[in-house]
Amino acid sequence: MAIFGLWVINKAGGLVYERSFGDGLPHLTSNEYLVLAGTLHGIHAITSRLSPTGSSSGAHVISGETFKMNILLTATGTKFVLMTSLVEPTADTVLQKVYEIYADAVMKNPFHTPEMPIRSEGFDTRIGQLLG
Amino acid sequence: MATTSKQYKAIGEDLWKGRTEKINAELFALTYGALVVQLIQDYEDYAEVNKQLDKMGYNIGTRLIEDFLARSSLGRCADFREVGEVVAKVGFKSFLNITPNVVHGAAPTAASSPTRTSMPLPQANSPGATFTLTFEENPLAEFVELPEEALDGGLWFSNVLCGVLRGALEMVQMQVTASFISDVLRGDEATEIRVTLVKYLEEEVPVGDD
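These protein sequence lines map, in sequence, to chains A and B.
Taking this note's numbering, I'd label the letters of the first sequence as residues 1 to 132.
Taking this note's numbering, I'd label the letters of the second sequence as residues 1001 to 1210.
Hints are computed from structural coordinates only; laboratory data are not their basis.
Treat each hint with caution, since some may be false.
Only part of the chain B face toward chain A is listed, based on derived beta-carbon distances under 7 Å [said to hold, decoys possible]:
| no. | residue |
| --- | --- |
| 1 | 1063 |
| 2 | 1070 |
| 3 | 1171 |
| 4 | 1174 |
| 5 | 1186 |
| 6 | 1189 |
Using N, Cα and C, we set each Cβ at its ideal position, and we do this for glycine too.
Only chain A is shown next, with the shape it has when bound in the complex (with noise of 0.2 Å):
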């Protein structure tokens, strides 16, 4: 039961936030984060459009054999991904704290340009608390 990392993308498929826990994750450059979230992004828009029953807000989690991604999407358009291990039953309400986190420290800030990198230490703290 583990947290490997969270993404944090903005409406527009650019990754805004990127943080990894522990050694789960290989490292990777910025613009290889970059890349991927674009991807996932792209992926998540195509998977809404593929619901059998009409509209659908796209994929929730994405599991593969020894780790599993959940995805948040807000009513605005960010996306929260929490990439952990696959028994982690709380990744739900773990990604609910983490919007619950970005609306006070992040959104909050007068000084922070929506959509663009998230760089705020209060951010990062709580969320090394929650998450680390």
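Chain A is already provided as a structure; the job is to place chain B on it using the hints.
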């Protein structure tokens, strides 16, 4: 998921109570008043002050919506009518601890009376649909009396609220206009904001499921 009016009120009440950091209402009113007075001194034109207040409100609204969504965990509203209900009963309640009265109006064909309550018309969701918020109390304007020039100049003292509504709703893909139609500070009988849907914004954001 049809949420009743009572449920929205309960959600709003819970959100308000759940907030650990609240601000003293007088300090808030004084700060806002100082802001408006300063703007008047800087711009010397009441129409411009109205515009600036709306702009500030817009910036606040675009950020406030994230806090609202993060804490309330409410999904997308089914139609514009529901938007009005949620804004009045959950939104205003959770941030200002007031619950304005909401009256809905479907897309008008001619100039319709603002007090006509809506029936489930199919136009409730189309551009032109409106709702009107009537405020019994306004925490921004607690101690305020407008001078003659402000009355003549057309100042809407609490115009920041219109900006907040516009900004917040734009972040959830609705383009609206929000404006005051009356204000007790101006000697009118009631304080009312009318919110009109201009259009839904089609972005690349998937529509949420419920």
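Going through the earlier hints one by one, which of them does the structure break, listed in rising order? Hints 4, 5 and 6 not satisfied by this model.
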